[in-house]
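> Given chain A, work out where chain B should sit, using these hints.
There are 2 protein chains.
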Amino acid sequence: MTNTHIAPRAAAAPVGRLSREAAESLTDQIVRTVAARIDERELRSGSRMPSIRRFADSHGVSPFTVVAAYDKLVARGYLESRRGAGFFIRERAPIVGAVPVPSVPEPAGQSLDVVWLVRNMFRQMPHQQMPGTGVLPGEWLDGDSVANALRSIGRQNASLLLNYGVPQGFLPLRQQLQRKLAELEIGATPEQIVTTAGVTQGLDMVAREFTRPGDTILVDDPAWFLMFGSFAALGARVVGVPRLPDGPDLARLAELAALHKPKLYVINSVLHNPTSTSLSAAKAYQVLRIAAEHDITIVEDDIYCDLHPGSAVQPATRLAALDQLQRVIYLSGFSKTMAANLRVGFIATSPELARRLADRKMLQTLTTSDIGERVVYKILSEGAYRKHAERMRTRLDGLRSRTVRQLERVGLRVDVAPPAGMFVWADAGCDTNVLAERAMGQAHGPGILLAPGSLFSPSQLPSTFMRLNVAAMQDPAIWRFLEKELREKEAGALSKSS
Amino acid sequence: MTNTHIAPRAAAAPVGRLSREAAESLTDQIVRTVAARIDERELRSGSRMPSIRRFADSHGVSPFTVVAAYDKLVARGYLESRRGAGFFIRERAPIVGAVPVPSVPEPAGQSLDVVWLVRNMFRQMPHQQMPGTGVLPGEWLDGDSVANALRSIGRQNASLLLNYGVPQGFLPLRQQLQRKLAELEIGATPEQIVTTAGVTQGLDMVAREFTRPGDTILVDDPAWFLMFGSFAALGARVVGVPRLPDGPDLARLAELAALHKPKLYVINSVLHNPTSTSLSAAKAYQVLRIAAEHDITIVEDDIYCDLHPGSAVQPATRLAALDQLQRVIYLSGFSKTMAANLRVGFIATSPELARRLADRKMLQTLTTSDIGERVVYKILSEGAYRKHAERMRTRLDGLRSRTVRQLERVGLRVDVAPPAGMFVWADAGCDTNVLAERAMGQAHGPGILLAPGSLFSPSQLPSTFMRLNVAAMQDPAIWRFLEKELREKEAGALSKSS
Numbered sequence: 001m002t003n004t005h006i007a008p009r010a011a012a013a014p015v016g017r018l019s020r021e022a023a024e025s026l027t028d029q030i031v032r033t034v035a036a037r038i039d040e041r042e043l044r045s046g047s048r049m050p051s052i053r054r055f056a057d058s059h060g061v062s063p064f065t066v067v068a069a070y071d072k073l074v075a076r077g078y079l080e081s082r083r084g085a086g087f088f089i090r091e092r093a094p095i096v097g098a099v100p101v102p103s104v105p106e107p108a109g110q111s112l113d114v115v116w117l118v119r120n121m122f123r124q125m126p127h128q129q130m131p132g133t134g135v136l137p138g139e140w141l142d143g144d145s146v147a148n149a150l151r152s153i154g155r156q157n158a159s160l161l162l163n164y165g166v167p168q169g170f171l172p173l174r175q176q177l178q179r180k181l182a183e184l185e186i187g188a189t190p191e192q193i194v195t196t197a198g199v200t201q202g203l204d205m206v207a208r209e210f211t212r213p214g215d216t217i218l219v220d221d222p223a224w225f226l227m228f229g230s231f232a233a234l235g236a237r238v239v240g241v242p243r244l245p246d247g248p249d250l251a252r253l254a255e256l257a258a259l260h261k262p263k264l265y266v267i268n269s270v271l272h273n274p275t276s277t278s279l280s281a282a283k284a285y286q287v288l289r290i291a292a293e294h295d296i297t298i299v300e301d302d303i304y305c306d307l308h309p310g311s312a313v314q315p316a317t318r319l320a321a322l323d324q325l326q327r328v329i330y331l332s333g334f335s336k337t338m339a340a341n342l343r344v345g346f347i348a349t350s351p352e353l354a355r356r357l358a359d360r361k362m363l364q365t366l367t368t369s370d371i372g373e374r375v376v377y378k379i380l381s382e383g384a385y386r387k388h389a390e391r392m393r394t395r396l397d398g399l400r401s402r403t404v405r406q407l408e409r410v411g412l413r414v415d416v417a418p419p420a421g422m423f424v425w426a427d428a429g430c431d432t433n434v435l436a437e438r439a440m441g442q443a444h445g446p447g448i449l450l451a452p453g454s455l456f457s458p459s460q461l462p463s464t465f466m467r468l469n470v471a472a473m474q475d476p477a478i479w480r481f482l483e484k485e486l487r488e489k490e491a492g493a494l495s496k497s498s
Numbered sequence: 001m002t003n004t005h006i007a008p009r010a011a012a013a014p015v016g017r018l019s020r021e022a023a024e025s026l027t028d029q030i031v032r033t034v035a036a037r038i039d040e041r042e043l044r045s046g047s048r049m050p051s052i053r054r055f056a057d058s059h060g061v062s063p064f065t066v067v068a069a070y071d072k073l074v075a076r077g078y079l080e081s082r083r084g085a086g087f088f089i090r091e092r093a094p095i096v097g098a099v100p101v102p103s104v105p106e107p108a109g110q111s112l113d114v115v116w117l118v119r120n121m122f123r124q125m126p127h128q129q130m131p132g133t134g135v136l137p138g139e140w141l142d143g144d145s146v147a148n149a150l151r152s153i154g155r156q157n158a159s160l161l162l163n164y165g166v167p168q169g170f171l172p173l174r175q176q177l178q179r180k181l182a183e184l185e186i187g188a189t190p191e192q193i194v195t196t197a198g199v200t201q202g203l204d205m206v207a208r209e210f211t212r213p214g215d216t217i218l219v220d221d222p223a224w225f226l227m228f229g230s231f232a233a234l235g236a237r238v239v240g241v242p243r244l245p246d247g248p249d250l251a252r253l254a255e256l257a258a259l260h261k262p263k264l265y266v267i268n269s270v271l272h273n274p275t276s277t278s279l280s281a282a283k284a285y286q287v288l289r290i291a292a293e294h295d296i297t298i299v300e301d302d303i304y305c306d307l308h309p310g311s312a313v314q315p316a317t318r319l320a321a322l323d324q325l326q327r328v329i330y331l332s333g334f335s336k337t338m339a340a341n342l343r344v345g346f347i348a349t350s351p352e353l354a355r356r357l358a359d360r361k362m363l364q365t366l367t368t369s370d371i372g373e374r375v376v377y378k379i380l381s382e383g384a385y386r387k388h389a390e391r392m393r394t395r396l397d398g399l400r401s402r403t404v405r406q407l408e409r410v411g412l413r414v415d416v417a418p419p420a421g422m423f424v425w426a427d428a429g430c431d432t433n434v435l436a437e438r439a440m441g442q443a444h445g446p447g448i449l450l451a452p453g454s455l456f457s458p459s460q461l462p463s464t465f466m467r468l469n470v471a472a473m474q475d476p477a478i479w480r481f482l483e484k485e486l487r488e489k490e491a492g493a494l495s496k497s498s
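If you're matching them up, the sequences are chains A and B in order.
Note that the working numbering numbers the first sequence so that position 410 is 410, with each residue one more than the last.
Note that the working numbering numbers the second sequence so that position 323 is 323, with each residue one more than the last.
Isolated chain A, as found in the complex (with noise of 0.2 Å):
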């Protein structure tokens, strides 16, 4: 019996006995006979399938069940269907197999950069090895609120998700916005405002409004290190400020201003990336007269704020607040507190120019989806948001201090405790570069991803600092590898004395 006779009867009857106890619906079950017989080659290329009437017939099953599955197996690529003719196996274009993404992280070697660090980040592994990501564990999150505000969308009339959304920002959710706003004292009306992939989509949007190539940005050094790559890829010159626990180092400032003539000046004012303090009020008047004296438009991204307990409790100066949107551009989003897959950042600025980036945001991506919007929109005005924010702080509040605590004890030196925030910027006391490295590569067990210091300066000089997410540093593994490299160095360091 050779091979081209098994083809028709199999054809004919391409299914063994059908289950209608499995868990797997009897499609399913159909689809995945049907692949496997011709992944083994047992039902040939070019042949003909029995018709969904005889298909049905033959395995007590109703033409409806055999449609489905010939659909699916149509949209996998191994039938075709031919109008009037019917179902043929179909001669498979040559498909390299699904490649997985690779578990284990790339080795790091001479490119640790922003990009090597943040690509590592969206590896797929454990959060607890991970002390060096910028994002709370998923657990942490709503994930019922968003998942519940994902089915009552999709519950609604269908013909709101099919069109382009607006591309200033679905209108309820900037509303909202406005009352968010409100309550730090900000004014803006949802003309002002325009929401936006994120707050890297925002920073991109309005470094590419306000700067040409070879013109002058500056950062806080440290500052969140993407931007610096994002401002590159413009052809801009990053320059950091040094940041103190503070604010600015103004003197610093003024000298940069009057020698760069910046375009930008982008800073964290609340719960600061990386060492997670704000800025003093004083220090917030005095960079806005800095920037006015020197016509700079200052970035205030606010992409932490809800991890803040408020100014009732814990001081914070926002400069949209002294300022109301004049010289200050204020972004936020819900990336860190809600869920980072939303993408749901925005913009609030002044009429005019939020009217230029709506605009250019027509010409980069022509609108934002409605749909992360909506969920936004409907997890904040139901009112059980407030409440997932203040467990978030309660939480971090609880491991922030115990953290400080341990990493002393293991060798490392917290300068600033700070009150709030999920990150604490920690002394190693030895290059951090190195340290990374090491972590990422050691032999037992899977990597450990840290982000050392070098990543947050714009200069990228090595530095013996690291941020570290109180969040994410549950796993032992983490501490072993601490303490035992922080002795070894020590160890190191006692031979050479001695």
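The hints are simulated quantities; they were obtained by calculation from the structure and are not laboratory data.
The reader is advised that the hints may include incorrect statements.
Remember, identical chains collapse to one label, so a pair may be satisfied in a single copy or spanning two.
Claimed, not checked - Cross-link-like lysine to aspartate or glutamate pairs, in silico, EDC-like; alpha carbons within 20 Å at most: (1) Lys180 x Asp39; (2) Lys263 x Glu185; (3) Lys261 x Asp431; (4) Lys387 x Glu80; (5) Lys378 x Glu352; (6) Lys378 x Asp415; (7) Lys180 x Glu91; (8) Lys489 x Asp57; (9) Lys261 x Glu139; (10) Lys261 x Asp215; (11) Lys283 x Asp427; (12) Lys180 x Asp323.
Keep in mind that this is a model prediction, so the values were computed, not measured.
Same frame as chain A, now just chain B:
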């Protein structure tokens, strides 16, 4: 009795009778009534609301209902919660009332430009009055599939939704796209595919990767207008190659290539926007030859892919199928045929460039939203999408020939009646800028949005052509307008010649 007397009493029993029979939930009844009384200042700011327990008892509802209502009132800025002290009526920050999006289009005036047209396209006008639109009416799309997919994603493990996606895009979707491309004879592994927020973002990313200010990008003339603005915003010079019914004017293409040394040539091979014509095989080959000679990278925008019945039925040659992603970067997406709002598109290119673009995407927007990508994956893999696309094509086929006949009857000329697609490129015999302004500003009834030919040319010169969407021409007002205008024009011409 003064107001100050009313406040405390009112706060003690802030809501009248609640109804369990009402369609509105008890929670929402409380929210609505309390909010109204605060708005009308019957409940005064600063006064304390009754405790949860007391409110629940006095109104005969469960404490959970009251908690939910108070939470919503906090979220809406009516109440504030003071830890340990209860809920208080807020001193409301002066919030400017929500300004609705104007439902009438903006006057065109002298600013008839790309941004003007696009802005008006996003106004929420009934589809029938937008023959200039580039999308199909919402009811043509498969809203049920999108809504089903959203609900089903909302039922999945919530933690999936919380983290950032993979910057290159949701892997199962990229695997599905590999199969889709294989059917078009384009070989691409998932590593060669990067998802984008629609083709618009894909074009922006590619242009940023390949050009510096002053570089030239070739486009077809006419072509999709939004990219002119997008490229100009990058400082690129946008130069048009005359597009003939079977592809570009090759002699001009070679001349312009030699003259401008362009970095990129962006082309719709299949169902070119705005003419709905496709590239012939012979021209496709010559385009690649010229591109190789002058070292031009080709960007093949195949957004209308699924509106074409397939090359077995009608000729259609894709440059990427000939070149296999060596010199050709292939872009497509699902905004036209699934739902614009999902903002899911993709780039297929060489493995090395895919990696560079994924890094660039990180710098621009970190990641695209997983949610839209999961929706598209679900719809593509379940097989109903093919039939849906076929239904759309059949429906367009029916309308297209009828529309062409009707256009000719009212005095427009259609030189090349396209065999597929949604657009007809028609010659009105008069300046269509003028026609578009008159259509938008007509005295009776709402405006009609036309897409005048000038927009589709990088030179922006006045044109007698315009793009009409055959799916958006059903409103008799459109035909009355065209008939009247073109008759007047003819009468004017006659009176001039007499």
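> Tell me, in ascending order, the numbers of any earlier hints that this structure violates.
2, 3, 5, 6, 8, 9, 11
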